[in-house]
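Peer 1: Based on the hints, put chain V in the right spot on chain F.
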Amino acid sequence: MTTTAAPATTEPLPKLHYDYLPLLLVPGMAILALPLIGNTTTWITLTIAALAMGMMIFVMASGLTLVFGLMDVLNFGHGAFIAVGAYIALSALGPLSGWASSDSLTLNLAALAIAIAAGMIGTGALGWAFERIIIRPVYGQHLKQILITTGGLIVAEQMIHVIWGGDQKAMALPPGLRGAILFGDVALEKFRLLAVIVGLAVYATMALVLNRTKIGLLIRAGVENQEMVEALGYRVRRLFVGVFVAGSALAGLGGVMWALYRETLTAGIGSDVIVLVFIVIIIGGLGSVGGCFLGAILVAMMANYTGYVFPKVALASNILLMVLILLWRPQGLYPVAKR
Amino acid sequence: MSTPLLQLEGVHTHIGQYHILQGVDLAVPRGALTVLLGRNGAGKTTTLRTIMGLWKPSKGRVAFDGREIGGLQTPDIALSGISYVPETMSVFSDLTVAENLRLAARHGPPDQARLDWIFGFFPALQKFWQFPAGVLSGGQKQMLSVARAVIEPRTLILIDEPTKGLAPAIIESMIHAFQELKRSNTTILLVEQNFRFAQALGDTVAVMDDGRIVHNGTMAELTADTALQTRLLGLSLGEHQ
Chain F
1 MTTTAAPATT EPLPKLHYDY LPLLLVPGMA ILALPLIGNT TTWITLTIAA
51 LAMGMMIFVM ASGLTLVFGL MDVLNFGHGA FIAVGAYIAL SALGPLSGWA
101 SSDSLTLNLA ALAIAIAAGM IGTGALGWAF ERIIIRPVYG QHLKQILITT
151 GGLIVAEQMI HVIWGGDQKA MALPPGLRGA ILFGDVALEK FRLLAVIVGL
201 AVYATMALVL NRTKIGLLIR AGVENQEMVE ALGYRVRRLF VGVFVAGSAL
251 AGLGGVMWAL YRETLTAGIG SDVIVLVFIV IIIGGLGSVG GCFLGAILVA
301 MMANYTGYVF PKVALASNIL LMVLILLWRP QGLYPVAKR
Chain V
340 MSTPLLQLEG VHTHIGQYHI LQGVDLAVPR GALTVLLGRN GAGKTTTLRT
390 IMGLWKPSKG RVAFDGREIG GLQTPDIALS GISYVPETMS VFSDLTVAEN
440 LRLAARHGPP DQARLDWIFG FFPALQKFWQ FPAGVLSGGQ KQMLSVARAV
490 IEPRTLILID EPTKGLAPAI IESMIHAFQE LKRSNTTILL VEQNFRFAQA
540 LGDTVAVMDD GRIVHNGTMA ELTADTALQT RLLGLSLGEH Q
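In order, the protein sequences belong to chains F and V. According to the working numbering, numbering within the first sequence proceeds without interruption in unit steps and concludes at 339. According to the working numbering, numbering within the second sequence proceeds without interruption in unit steps and concludes at 580.
These are computed hints drawn from the structure, not numbers from a lab. Please read all numbers here as calculations on a predicted model, not as lab measurements. We put the CB at the ideal spot given by N, CA and C, even for glycine. Heads up, some of the hints might be wrong.
Keeping only pairs whose Cα atoms sit at most 30 Å apart, straight-line, the calculated DSS-like set for lysine-lysine is [to be verified]:
| # | chain 1 | residue 1 | chain 2 | residue 2 |
| --- | --- | --- | --- | --- |
| 1 | V | Lys-521 | V | Lys-466 |
| 2 | F | Lys-15 | V | Lys-466 |
| 3 | F | Lys-169 | F | Lys-144 |
| 4 | V | Lys-466 | F | Lys-214 |
| 5 | V | Lys-521 | V | Lys-503 |
| 6 | V | Lys-398 | F | Lys-214 |
| 7 | V | Lys-480 | F | Lys-15 |
| 8 | V | Lys-395 | F | Lys-144 |
| 9 | V | Lys-480 | F | Lys-214 |
| 10 | F | Lys-15 | F | Lys-190 |
| 11 | F | Lys-15 | V | Lys-503 |
| 12 | V | Lys-480 | V | Lys-466 |
Pair by pair, the computed Cβ-Cβ distance ranges are [what the hints assert, rightly or not]:
| # | chain 1 | residue 1 | chain 2 | residue 2 | range |
| --- | --- | --- | --- | --- | --- |
| 13 | F | Leu-188 | V | Ile-354 | 58 to 68 Å |
| 14 | V | His-351 | F | Asp-19 | 41 to 51 Å |
| 15 | V | Asp-549 | F | Asp-19 | 40 to 50 Å |
| 16 | V | His-515 | F | Arg-136 | 38 to 48 Å |
| 17 | F | His-161 | V | His-351 | 49 to 59 Å |
| 18 | V | Ile-354 | F | Lys-144 | 14 to 24 Å |
| 19 | F | Lys-15 | V | Ile-354 | 36 to 46 Å |
| 20 | V | Lys-395 | F | Ile-133 | 24 to 34 Å |
| 21 | V | Ile-354 | F | Leu-16 | 32 to 42 Å |
| 22 | V | Gly-355 | F | Pro-137 | 15 to 25 Å |
| 23 | F | Ile-121 | V | Tyr-357 | 43 to 53 Å |
| 24 | F | Thr-213 | V | Tyr-357 | 51 to 61 Å |
| 25 | V | Gly-473 | F | Ile-154 | 35 to 45 Å |
| 26 | V | Gly-410 | F | Met-159 | 47 to 57 Å |
Next comes chain V alone, as it looks inside the complex:
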């Protein structure tokens, strides 16, 4: 088995006086889509933010492509090839869709072929090209947030609950977009609460509880084992569909 692209070993993160991550061990295989599941407050978002350097780990090791990134500043982590789609989307509301994407393209103007590829699964972005991102709907903002993360090829994409609060039709276009991303062999670490979405896309899965990873395995195993779902997540995937 090849070395994981991203590896967390015994990572602890404190936010103020709160001890959120309590020794996270996680391996994200190269070229796969790994889903991070868990109840609210389990530490999923904190894990992504710690990888991105937005919160500093107080202990443990974060290795990306064999290189320690745990102590690096956020811009350096981004420049190493990781992009991040936060739970809040965080599009720049006063900037147009075009400007948001222009800013995300660090190596000059966005490539037109790449833009066409993105417009293929997010046509709304083409329609609202010159509109301020602030006027977009929640789903369109999420599309822009994902598009911003993939406007240039990246080695790893961290995505935090992309389907949160979205209409079913938008979730379908998100599934299509992530399938496209998977085809491009991009490694993705996806935090998700929507089990149907996770099941449709995930290759491997990790389950968090109380700031630790309590299960690691393939999505196929978890999908097939209702008892395991109930034990790890409180209720089975089937009950969520």
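Pulled out of the complex, with its shape left as it was, chain F reads as follows:
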């Protein structure tokens, strides 16, 4: 018999308490911001914009948090995948300019899907090479990891200058994704809605893989205790390469979305956003995908609200948010249990 159905039990079970408290930070921050902003329409617009921004940051950060959790690798070169993904997509959109500039939303989305696929495949391949050449020699050596991955980021940015040139590129949104949908006085930008859909789809897929597949079980277990997973007979190194490649591809996807969001592209696009990405994974709890998702939304809300209400402190606001959260929960919102 090989069924694994949960065995029956007649004894009462203790109650499980899910930790909902961190989730309340999102509505809490939104409610606190409302009187400061003063205008409900602006508040809704800023909140939706924050959700879109948060989803893009989550997509960029999710791979990095798993890479750290699984193999204790500090990859400061993650920004390179964000930038390279965006540049590859820019190149892919060139031959597809007919579709990308068409008035048909379907053709626009098809062009974008192809560009995103190209960006993800390119950054996935780059991630594979990056892991073999740069990360592998420095496993377990944090200082060297920081130095060599930062070096890798600099080299990648210079290679972008060599291949695509050093000037700022325009990354125009296809016509079908420009403009906004109006709900009364509230204007919801189409691209931001797309970003929310993409972010939610990525989160749902990751949740599905992590919770419903054996690979996902291995990743979750490996994040917690790599040594024990190996003692059970699984090769964590191979798993890590897979996660690194997937994380790099997701960074590439995030890079494409981020460049379209900004509608401009420079070699430093990854470096510009990487500080936010690190804040998100620290706030969320290193190695926690759920925490990363929540952290990304909080960081984006904080950036958008303070950018509107207190523009002079906008840059420092997320550092303050991180400090406050770490004072409350030093291991992040949803810490991963470690051995």
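Peer 2: This is chain V only, laid out in the frame that chain F set:
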């Protein structure tokens, strides 16, 4: 006498600058439960971790079922038929009991008959089947850790101090579980500080001191010889009961 299932010959292990194992010679007979005794710091845990490949031997030979495994990676050693229950239990706290066991079953979903057999001596695992392992008590975590090692038949099980910090009632269920395992003819190498537990289960015994095996023999011999107990362990088994 048949060839031992596991044989260590002159095994040395260094951890950083520390020379922990200093020429361990140990034979684990097939189908028996061998207890590895010794004071704290004698090198018992290091011996198990060296067998498992978690620390690499710097010198010497580790042979399992006639095959050299001293240079293999940990996953390959596990795949050769050895399972390991570490001193720290190392259950995956964020995974449910079911998920922990599903992960340990390498050849597909856990077999229901095998699960029922395990639930027979660890009923708490059935009760907490869908609960995260992190909410279990220390004893229940130890049960899960042992269950994970036996969820599929293995040739050799390495177990590091399974009774450490456990309540007497849990230790009784551990004794029952290991007796069941012995009945299934599984070979076990057990590191233990609880002499009553060791005495109840052990067929053969090895005593370690300063990174070496200083005594090899049957548990019956050691149990019967108070002077030998005092010489090897500092005090007799009787004084620990």
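Peer 1: It remains to establish, for every hint, whether it holds in the given structure.
Peer 2: Hints versus structure:
no.	hint	in the structure
1	Lys-521(V) with Lys-466(V)	holds, 25 Å
2	Lys-15(F) with Lys-466(V)	holds, 13 Å
3	Lys-169(F) with Lys-144(F)	violated, 33 Å
4	Lys-466(V) with Lys-214(F)	holds, 23 Å
5	Lys-521(V) with Lys-503(V)	holds, 21 Å
6	Lys-398(V) with Lys-214(F)	violated, 37 Å
7	Lys-480(V) with Lys-15(F)	holds, 18 Å
8	Lys-395(V) with Lys-144(F)	holds, 24 Å
9	Lys-480(V) with Lys-214(F)	holds, 21 Å
10	Lys-15(F) with Lys-190(F)	violated, 43 Å
11	Lys-15(F) with Lys-503(V)	holds, 28 Å
12	Lys-480(V) with Lys-466(V)	holds, 13 Å
13	Leu-188(F) with Ile-354(V): 58 to 68 Å	holds, 59 Å
14	His-351(V) with Asp-19(F): 41 to 51 Å	holds, 47 Å
15	Asp-549(V) with Asp-19(F): 40 to 50 Å	holds, 47 Å
16	His-515(V) with Arg-136(F): 38 to 48 Å	holds, 46 Å
17	His-161(F) with His-351(V): 49 to 59 Å	holds, 53 Å
18	Ile-354(V) with Lys-144(F): 14 to 24 Å	holds, 21 Å
19	Lys-15(F) with Ile-354(V): 36 to 46 Å	holds, 43 Å
20	Lys-395(V) with Ile-133(F): 24 to 34 Å	holds, 25 Å
21	Ile-354(V) with Leu-16(F): 32 to 42 Å	holds, 39 Å
22	Gly-355(V) with Pro-137(F): 15 to 25 Å	holds, 20 Å
23	Ile-121(F) with Tyr-357(V): 43 to 53 Å	holds, 48 Å
24	Thr-213(F) with Tyr-357(V): 51 to 61 Å	violated, 41 Å
25	Gly-473(V) with Ile-154(F): 35 to 45 Å	holds, 41 Å
26	Gly-410(V) with Met-159(F): 47 to 57 Å	violated, 39 Å
In the structure shown, a violation is registered for the earlier hints numbered 3, 6, 10, 24, 26, in ascending order.
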